[in-house]
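There are 4 protein chains.
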Amino acid sequence: MTPTPWSAYDHPLRSRLLLGTAGYPSPEVLGQAIAASGTQVVTVGLKRSLGAGAADNGFIAGVRAAVRDHGARLLPNTAGCRSAREAITLAQLARELYDTRWIKLEVIGDELTLQPDPWETLTAAEALVRDGFEVFPYCTEDLVSCRRLLDVGCRVLMPWGAPIGSGQGLINPWALRTLRARLPDVPLIVDAGIGAPSHAVQALELGFDAVLLNSAVAKAGDPVRMAAAMAQAVAAGRLGWEAGLIATQDLASASTPVDGRPFVLP
Amino acid sequence: MTPTPWSAYDHPLRSRLLLGTAGYPSPEVLGQAIAASGTQVVTVGLKRSLGAGAADNGFIAGVRAAVRDHGARLLPNTAGCRSAREAITLAQLARELYDTRWIKLEVIGDELTLQPDPWETLTAAEALVRDGFEVFPYCTEDLVSCRRLLDVGCRVLMPWGAPIGSGQGLINPWALRTLRARLPDVPLIVDAGIGAPSHAVQALELGFDAVLLNSAVAKAGDPVRMAAAMAQAVAAGRLGWEAGLIATQDLASASTPVDGRPFVLP
Amino acid sequence: MTPTPWSAYDHPLRSRLLLGTAGYPSPEVLGQAIAASGTQVVTVGLKRSLGAGAADNGFIAGVRAAVRDHGARLLPNTAGCRSAREAITLAQLARELYDTRWIKLEVIGDELTLQPDPWETLTAAEALVRDGFEVFPYCTEDLVSCRRLLDVGCRVLMPWGAPIGSGQGLINPWALRTLRARLPDVPLIVDAGIGAPSHAVQALELGFDAVLLNSAVAKAGDPVRMAAAMAQAVAAGRLGWEAGLIATQDLASASTPVDGRPFVLP
Amino acid sequence: MTPTPWSAYDHPLRSRLLLGTAGYPSPEVLGQAIAASGTQVVTVGLKRSLGAGAADNGFIAGVRAAVRDHGARLLPNTAGCRSAREAITLAQLARELYDTRWIKLEVIGDELTLQPDPWETLTAAEALVRDGFEVFPYCTEDLVSCRRLLDVGCRVLMPWGAPIGSGQGLINPWALRTLRARLPDVPLIVDAGIGAPSHAVQALELGFDAVLLNSAVAKAGDPVRMAAAMAQAVAAGRLGWEAGLIATQDLASASTPVDGRPFVLP
Chain Z
1 MTPTPWSAYD HPLRSRLLLG TAGYPSPEVL GQAIAASGTQ VVTVGLKRSL
51 GAGAADNGFI AGVRAAVRDH GARLLPNTAG CRSAREAITL AQLARELYDT
101 RWIKLEVIGD ELTLQPDPWE TLTAAEALVR DGFEVFPYCT EDLVSCRRLL
151 DVGCRVLMPW GAPIGSGQGL INPWALRTLR ARLPDVPLIV DAGIGAPSHA
201 VQALELGFDA VLLNSAVAKA GDPVRMAAAM AQAVAAGRLG WEAGLIATQD
251 LASASTPVDG RPFVLP
Chain U
1 MTPTPWSAYD HPLRSRLLLG TAGYPSPEVL GQAIAASGTQ VVTVGLKRSL
51 GAGAADNGFI AGVRAAVRDH GARLLPNTAG CRSAREAITL AQLARELYDT
101 RWIKLEVIGD ELTLQPDPWE TLTAAEALVR DGFEVFPYCT EDLVSCRRLL
151 DVGCRVLMPW GAPIGSGQGL INPWALRTLR ARLPDVPLIV DAGIGAPSHA
201 VQALELGFDA VLLNSAVAKA GDPVRMAAAM AQAVAAGRLG WEAGLIATQD
251 LASASTPVDG RPFVLP
Chain W
1 MTPTPWSAYD HPLRSRLLLG TAGYPSPEVL GQAIAASGTQ VVTVGLKRSL
51 GAGAADNGFI AGVRAAVRDH GARLLPNTAG CRSAREAITL AQLARELYDT
101 RWIKLEVIGD ELTLQPDPWE TLTAAEALVR DGFEVFPYCT EDLVSCRRLL
151 DVGCRVLMPW GAPIGSGQGL INPWALRTLR ARLPDVPLIV DAGIGAPSHA
201 VQALELGFDA VLLNSAVAKA GDPVRMAAAM AQAVAAGRLG WEAGLIATQD
251 LASASTPVDG RPFVLP
Chain A
1 MTPTPWSAYD HPLRSRLLLG TAGYPSPEVL GQAIAASGTQ VVTVGLKRSL
51 GAGAADNGFI AGVRAAVRDH GARLLPNTAG CRSAREAITL AQLARELYDT
101 RWIKLEVIGD ELTLQPDPWE TLTAAEALVR DGFEVFPYCT EDLVSCRRLL
151 DVGCRVLMPW GAPIGSGQGL INPWALRTLR ARLPDVPLIV DAGIGAPSHA
201 VQALELGFDA VLLNSAVAKA GDPVRMAAAM AQAVAAGRLG WEAGLIATQD
251 LASASTPVDG RPFVLP
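Residue numbers (full-length UniProt numbering), protein chains in the order written: chain Z, 1 to 266; chain U, 1 to 266; chain W, 1 to 266; chain A, 1 to 266.
Hints should not be assumed to be uniformly reliable.
What the hints assert, rightly or not - Between beta-carbon pairs, the in silico distance windows are:
| id | chain 1 | residue 1 | chain 2 | residue 2 | range |
| --- | --- | --- | --- | --- | --- |
| 1 | U | LEU150 | A | LEU93 | 32 to 40 Å |
| 2 | W | GLU111 | U | SER253 | 32 to 40 Å |
| 3 | W | ASP10 | A | ARG101 | 56 to 64 Å |
| 4 | A | ARG82 | U | THR4 | 47 to 55 Å |
| 5 | U | GLU111 | Z | GLY71 | 30 to 38 Å |
| 6 | W | HIS11 | Z | GLU96 | 51 to 59 Å |
| 7 | W | LEU251 | A | ARG73 | 39 to 47 Å |
As the list claims (entries may be wrong) - Among chain W residues calculated to face chain Z with C-beta under 8 Å, some are:
| id | residue |
| --- | --- |
| 8 | GLN92 |
| 9 | ASP110 |
| 10 | ASP117 |
| 11 | GLY169 |
| 12 | ILE171 |
It is worth saying that the hints were derived from the structure and are not from the lab. Note that CB positions come from ideal geometry on N, CA and C, so glycine has one too.
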């Protein structure tokens, strides 16, 4: 049994896991992790791909091959940008290089937390949407900031769960639940902070549509096995959300009553 | 990719989900849930099966059929017992009825929390082991109490996660982690309290060998879909444990560095 | 023993509790709560005071009397404003009415969470600082947004702990800790969300300088007793921070060793 | 305003803080900490006092002096005991040495967690009560085990919050709340695990009657200041419990409504 499909910018998707490509031990492991994850969207850093040039020890070719082999779609990102201007320029180069309107917009506002800069992100998003991009903004979990991104034409949101690479999971579940409740029709993807399969499940159980992660797989003891774990985690979380979780209660409720009829229906 | 197999009382098992049979809407749903869960161990309440007799509207026959069809093994339980004496008697009847040495020992010490009674459980476990049973004790998460159960011959432990049917998940992760660390060679199963797939994943990520649950599936909006969710959850949690989770850290660590070589190895 | 004094906009303060004046059962209870709290800063809603006029059943007169009797300072607030423009107008009226440059700036961005609107708050803060106000902005816990408020001249920040009146406490301690660590020299006050004395203590233990609260006292079963509780809570939290908390550890460390010399020093 | 008084074994008490005497930098600091804490019950390790003899560098004399000067009562403890037999012997020696029927019964069941051994503790408690002692048992937070201690004649319970000296606070608030709800008339004291003033406040807010702590004060950066912090913390927590905390809610509730009459009553 598999979760229901979803879509981002009208692109139909079955997998609810988006995977980053940085920091893997080798191109082979990256390729195997992509395969094991079942992902259909792979994100790649533009600064990396553009900057490394011929000396990229096979990175771009490896990613392209993996993406092609597994039928995934490429989502270039602007990781490393500190201003709207820089991100816009990079996004435009990416569109040419990868021939795609998709862009994961990442404008960092702090060097230690690598948190999104709400102002610069909004400015860049507005410009990129106007320029024809389909923008996946890495953003904070703040409802008002998220609404502003929708107002300028974003149709997917990617709030952070925790600082990039920190593996802390969802540090503010209240805010994520609030986002889901208040923006019921927007595809919501937790981006950054996922460290364990349980974190991914929690995001899906909250009703998020998907998670994007990288370090949790790339830096795991066994990245390929962790990729498989994450594939099952997002499926488990989504199936759980769809199946309807039981309500929690403070005290016990005997699952095995000792009298009455065993089944609710005869 | 699947998790490594394990075993309980030398009985080899692949699935890390043990499933209860109480409270399902109908025998058909129970059968389908067993199938979707992939479970290999199904627990059944003795008080129910013995008490209901001919009026059990197909419960026992349904469970037997499901178990047979899916190659699962039956684990009779003493749910509803309040004393060692009562549990011992019931276990002996179960052995005859189901022709098995396995018994899930459950002696309740409080009506509202349905928590295990450490004293009565220990007394019953000792007697049952001496009588040739292979005992799966439902117990508290207390290390000293768990050790006493091992001392009298239990070779599997089933600490509760939270009150039965409460769906609260793991209310004392510290104690569960401590049990895992201090009893590295004992099969440990979280029994009771699991309400969501994320709870099951957490238990496996802590290094527990399996979870036993009932209400989370039986009382879900769609029990069969939730059974499938739980099947993937335990696989995800175990694969994650085997793959080696990344360490958490307070601040960010760029997953996409903007310089240096893309892969660790050339 | 009392905590060290602090200051806001060069105004010296001993108490670390700022108190709201809304929703008390009666003027007498409000006055007694102010006395029991030991507060030196009392905030009052401008919309209320301006709008209610002669029909305010003694509210303004009561607040003024309480403030005067207890040597507290009045901090007018713009609660209820939805735009920078509205908040600026109200602040200017407040300055005339209360003859103070202090203003608690509150521009709400969502009707259900009553969260601050980062954009409108920033716009208003910039205008008010330029106009000579000393602004206490009610803001989110987002580091980048907080920095922008400092950039336009705010010298105190008041991040929310949780939605106003929700009593949830500190829903994102990570972000609050980060603020404290990254803005070591800015007076930081948790505003909104405090429901219990333990929440106030936590804020102070994190190194925050003070808390502002209202509903937790006004709507307690016994507001005057709760005001006394909060007074002790902020003192306890601050003394704890100043005394230096012990490090936490996973396992035990005998506080009563059974050999060696009893004291570290002879 | 001060919290209502309480009592333990009919001994009236105002302070809700019981203080340990181990690990202080010097006798002077211990004496000052006792004074600053306002405690009326001071616990002292028997193994320490008996074992050290003349070489105790003033420990016993110092404790006796501090206790006498501050009108506190001595509560000898059996810290370091591993069996009922050992604890009983020690308790009997303590009664002679300190001329008191009070004994803090501590029988450890694990070297790493220093958790209570429920079986040995129960055995010792029963014997000591029969021998005329007034027993303060250090116990787990398990309801059934606590009830057994009451059954053998204990009239005060001291469940742990976390491992001794770990400073983790209350690791299982659910169980502590359950104890309070189910044993409404028994004086309950959180013993062990308190690391910060906020932990002490939480215990009192849960309705516990008092806390016993040692390391959090003795090993703080400034023990005397921390003792003062803890004194205010227990008062704050108890006053909060007595005043009646507001209910928490998921969304906001304006504390400053912008229309209607300011006070509930005219």
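- So which of those numbered hints doesn't the model satisfy? 4, 5, 7, 8, 11
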